[in-house]
Amino acid sequence: MTKNKANEKIVANSTAEYFAKNLQQVGFSSPIKAVLTTVKEAMDNALDACEEHGILPNIRVDIKKLGLGSLKNTDRISIKVLDNGPGIEEKYVPMVFGQYLASSKFGQGRPSRGQQGIGISAATTWALQTSAIGAKVTTKRENERKALRCVVVTDLKKNEGILKDKEKINWENPHGTEVEFIIDGKIQMNGEGGLLTYLRGTILLNPHMTLTYHLTEMEPVTVERVIDEVPEIPKATPPHPHTMKLGEFLSYARLFSSHKNAEWLCKGFSRVSPNIAATLFKNSGLPKTLLDKKVNTLTSDQLKKLFQTIQDSEFQAPSTKSVMSLGEKALSLSVMRLGKVDYFSVVTRKPAICDFKPVQVEVAIARLFEKKSDGEDSSVQILRFANRVPLQFDKASCAIVKSISSVNWKSYSIKQTKGNLPSGPYIIAVSVVSPFLKFKNASKETIDATDELVTEIRKALMKAGQSLSRHIKKEAKTQELENKIKHIEKFGPVLVNTLCRILGASEAKKKKAEEGIEKILGRDNLKTRQQLDEVEERLNVHLASRKDQFDSFIKEDEELQARQEALLRAEEEILGTRYNDDETSSKKEFSRKKKSSKKNKSRL
Amino acid sequence: MVKYGIKDQKSIEKIAMGLCDTILTDLTQGKRPRLQATKSSLDNAIYSPTLGYLTPGPKKTITELNVASVKKMSRAIFVLDILLKNIKTGAVNTKRELYYICKGLLKQNPELKPLDFEDQPESDGIIDFLCEIIECYREELNCYANDRGGQTYSKCLIVTETLPNGKKAKIDLSKLGTSPFTPKNRPQNLALTASKKIEFCLVVESEGTANTLVSNGMTERYDCIVVGAQGVPSNSVRAWVKRIQEQVDVPIYFFGDLDAYTLQNIFRTLKAGSAASIIRNADFSAPEVRFLGVLPEDVKKYDLFSYDVKSNDPSEMRSLKKAQDALENDPFFKSQRNRPLAKILEWLIENKKRCEQQAFFSVDANDPLALEKILIKKIREGSYI
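Chains as they are written, first to last, in the numbering used here: chain A, 1 to 604; chain B, 605 to 989.
It cannot be assumed that every hint is accurate.
[What the hints assert, rightly or not] Keeping only pairs whose Cα atoms sit at most 30 Å apart, straight-line, the calculated DSBU-like set for lysine-lysine is:
{"hint": "1", "chain 1": "A", "residue 1": "K510", "chain 2": "B", "residue 2": "K618"}
{"hint": "2", "chain 1": "A", "residue 1": "K511", "chain 2": "B", "residue 2": "K692"}
{"hint": "3", "chain 1": "B", "residue 1": "K618", "chain 2": "A", "residue 2": "K490"}
{"hint": "4", "chain 1": "B", "residue 1": "K982", "chain 2": "B", "residue 2": "K957"}
{"hint": "5", "chain 1": "B", "residue 1": "K675", "chain 2": "A", "residue 2": "K511"}
{"hint": "6", "chain 1": "B", "residue 1": "K925", "chain 2": "B", "residue 2": "K663"}
Honestly, the hints are just simulated from the structure, not real lab data.
So that you can see chain A by itself, here it is in the shape it has in the complex (with noise of 0.2 Å):
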C-alpha cells in the first residue's frame, strides 16, 4: 500500500447514498422495471395501510405519458396512486416518502408486503434522478378537515426526506394519501414486465380491494371487491422453536437473560407452553428448578443440551395466525376476476415448516375461455406471489417456476413436455407466505428454491391439479361423444351408399342398413355417455363436497378461535399478570376475531 493511498480517510456513506447509486438493485434497473416497481411500491403501501387500520381498500392508479424523457428512449411518465387509508401524519410524510429503511414493520416477524422500509423511497430517489422532481404526496387523516399536499424530497447526505412546496388544501376524499411520480420510464403492459399482469395478480391476492385503474390511453377498468372483509393482520409471533440453530439460539437466549428460564422459552418461542418448557428441561437433565432461575444462569453446555433437546421434539405446527392466508373461499372468489374462467380449483395448504421457518403455499388454477382455442401450445400464465406481492422478473429461479415443472401435469390431462413448464389456456397462481421468506436478491423478485419450500408448492400444486383434472376429464368425454357423433354422422351414410351402389341394393334395403347402422353405432356412443355421466357425477360429488368444505370453514374457525383463546387464558393464568402488553394486543385480538366471526355469519 502506498503512502498515500494509506493517508486515504475511510468514511461512512449515508445509506440513502448507496441505495441511490445501486437502485437496479432494489428494482430500477431498466425502464420497464422502474415504472413496474414504482407503482408496486406505492400500491404495498397503500394496501398495508388499509389492512393495519381494518379499511377495506379502494385504489386508484393513474398512469400517463406526459411526453419524452430525459434518458435514451424512455417516456416521461405520470404515476399517481389514491388510497382511502387512514393517511399520514405530516411528521412522517417525509420518513415514509424520502428515508431509507424507515419502516413500522421491520424485524416484526410479519409476512407485511412491505418489510424495510426501501421501496417507495427508491422510487423518489428514482424520480428525483431522472425528472429532477420529488414525490407528489396528498395526504388527509380522517379527524382533518384540510389535506396536507407537498413534495417530498431526500437528502441524500444525511438519509432524511424533505417536505417541499408544502400547503393545505381542501380534498374531497375523507381520509386517504395520493402520491404522485414524475419518472423516466417505459410502459409495457402485458408479459413478465407487464403492468396488466402486475395488476392482475394483485387483484387475484386481494379479493378485499377494489381497483380502479387508468393506464395511459386505456379507458378506466374498475375492478370490485369479492369480500367485504379486511383480512387479518397476523400478529407478530415469536419464533417456532425448530427455527433457529446454534448460534441464534444461544443470542437469542442472551436478549432474554434477565427473564426466567420458563417465560424465556414461553414467551420467546411460540408453541411452547409451561408444560412443554418443564417438559423440556427433564428430557435435557436440567433440573426443575432451574426453571424459575433467571437465563443467564444456565451455562453454555445446559443451552446446548436444551437447543438439542428442542432439535429432537414434536412441536405443534407454527400458528396459522403467524402467515396469515387468504382461504380457499376468498381465493375462489378472486380468481373469478382474472377474466373469463371456464373452471378453476383453489388450495390452501395447512402451514408448515420449511427451511425452519413457518410458510403457508397457496395455489389457484384457472382455465381461461377466451384463451382456449389459441392458447393450447402456449406456456401457462404463471403468477408469483411472495407475502401477497406479485413477483414478475427471474422467474426461472424461482421455487414456484421450479416446483411448476416438476410436478408432472400430464396426469392431471394438462399439456407439458417433461421437465419444462405446462402449457394450455391456464393461469397458475402460488402464493408463498411466511414472517421469513427467503429471497434470491434485494428487489425481493425470485424465492430461494430450497428443496424443502419446493416440495410444501409441489404438494399444494399436485392437489390442485388433481381437482382439476376432474373438470378435465368431464370435458375430454364430451369431446369424446360429440366426435363420435361427428364421425357416424360421416362415415355410416357414405358406406351404406356404396355398399348399395356395389350391390344394387333397393331403397328399402338402403333405409334398413341406414337404421341398422345407426342402432349399431349409437351402442357405442352409450357407452361413452355412460362414461361420460360417470365422470360428471364424480366432478359433482367433488363440488359439493367443496361447497361443504367451505362451509365448515367458518365453523373450523370458530372452534379453533374458542380454542385459542382457552389456551391463552391458562396461560395467562400460569404466567400471571407479567406481560400487560401482550395480554392487551391478545385482548385486542380476540375482539377481532369475534367480529369477524360475526361478519362470516352474515355472510353464509
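Given the coordinates of chain A, assemble chain B onto it according to the supplied hints.
Below, chain B alone, put in the same frame as chain A:
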C-alpha cells in the same frame, strides 16, 4: 372359406361381392359386420418340410364395425368399388395411380369428402387391408407394383406370355443379345420351355455380379439360366423363380453374401416365402433353391476377405440380433430340415463376421473367369446347402 392360391378374377369379383353383401345384410339386421383376415406374422407361420414354405396358422385378425373402424371400413368399400370396376374393364393401376384416382373421385363428390386420403400411405394401407380380407394378391386386384429385379439371361430358355387379349407372345432369350429378360407384374401368366437340357439356374443376389458373369460368357459356355435378384426378391422375382422351378426341370442355386441379412431376408424369402405374405407363399416361394454360398467353409477354403461385424454399426448389429431371434422363433430355421442353414446363422453370430459374394474375385485376381470357375466347381462338387 377362401382358399389360398392364385384366384381367377371372376372368383375375386365373387368374393368381393359376397363380402359387400354380408356387410350390408348384417347392417340391415342391426348386426355388427366382422371382417376376418389371416394374421400375417411370424407367430402365425407354420413351416412344413413337405411343402417347403411358410403357411398360415390358425390366428385371425377381426375388424368389427364400430365408431373407431367405421372410417376404415367405409374407405375399404370405396376403394373396393374402384378395384372391382378395374377388374371388370381390365384396367390396371399402380398404388400411386390409385391414390390419385381416389382423390379425383372424392373431389367430384362432396358427400365422399370425409373419406379423403391425406397421403399415399393411407390409401396403400386400405389396398393391403382389402388384400388381407379377400386373401388375394394386389396384382389379382389389377394393382401392379413396379417390381425390380429378376433380370434373366439364358441361351436355352423360351418364354411364352399370354396377353390380356388372349394372344400369345413368344420370347426366345437366346435372341436378346446382351439384354436380359425381365419378368413383370404377373409371372404366373408366363409359360417356360427349354430349347435344350439346362444344367442349372443361378440366382445371384447382386444384379451387377450376375451381369458380370453373363458378360464374361457364362451363358455361352454353360447351358444355364442366370437371374439377378437385386437384393431382397420382389414378388415378381419370387414368382419367376417359382415358375422356373415348376416349369423347367433344373436345379436352382442362390449365390449371395455370407451374412445374416442375406440368409434371413433374401434367401429364406426366396426359398420359403415371408411372414408378411404368408397367404401367398405357395405362389411366391421356390423351396428347391439351394444355398450355393458364400458358405462359412468357403471363407476358409478360399481365404476370402471377410469383415468383422462393426459393433458401432446399428444395422449390422440389429441384423445379428435378428438372426438370434430367427433361430429361436422362425419356424423355417427351427426346422430340422434346414438345420445346416441354421448352423450358418449360428456361425455368423459366433464369429461376428461377414463376407461378400464379390470376395471370390480376390481368389485369382488375374483371372476374370475365377468366380465362374469356382461356382461351377461348387455346383459340380455339391458344395451347397
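Tested hints:
1. K510(A) / K618(B): holds, 21 Å
2. K511(A) / K692(B): holds, 28 Å
3. K618(B) / K490(A): This hinted pair holds, its Cα atoms lying about 29 Å apart.
4. K982(B) / K957(B): Distance ~22 Å between K982(B) and K957(B) Cα, so the pair holds.
5. K675(B) / K511(A): Since the Cα atoms of K675(B) and K511(A) sit roughly 20 Å apart, the hinted pair holds (cutoff 30 Å).
6. K925(B) / K663(B): Distance of about 26 Å is within 30 Å: holds.
Going through the hint list in order, the structure satisfies each hint without exception.
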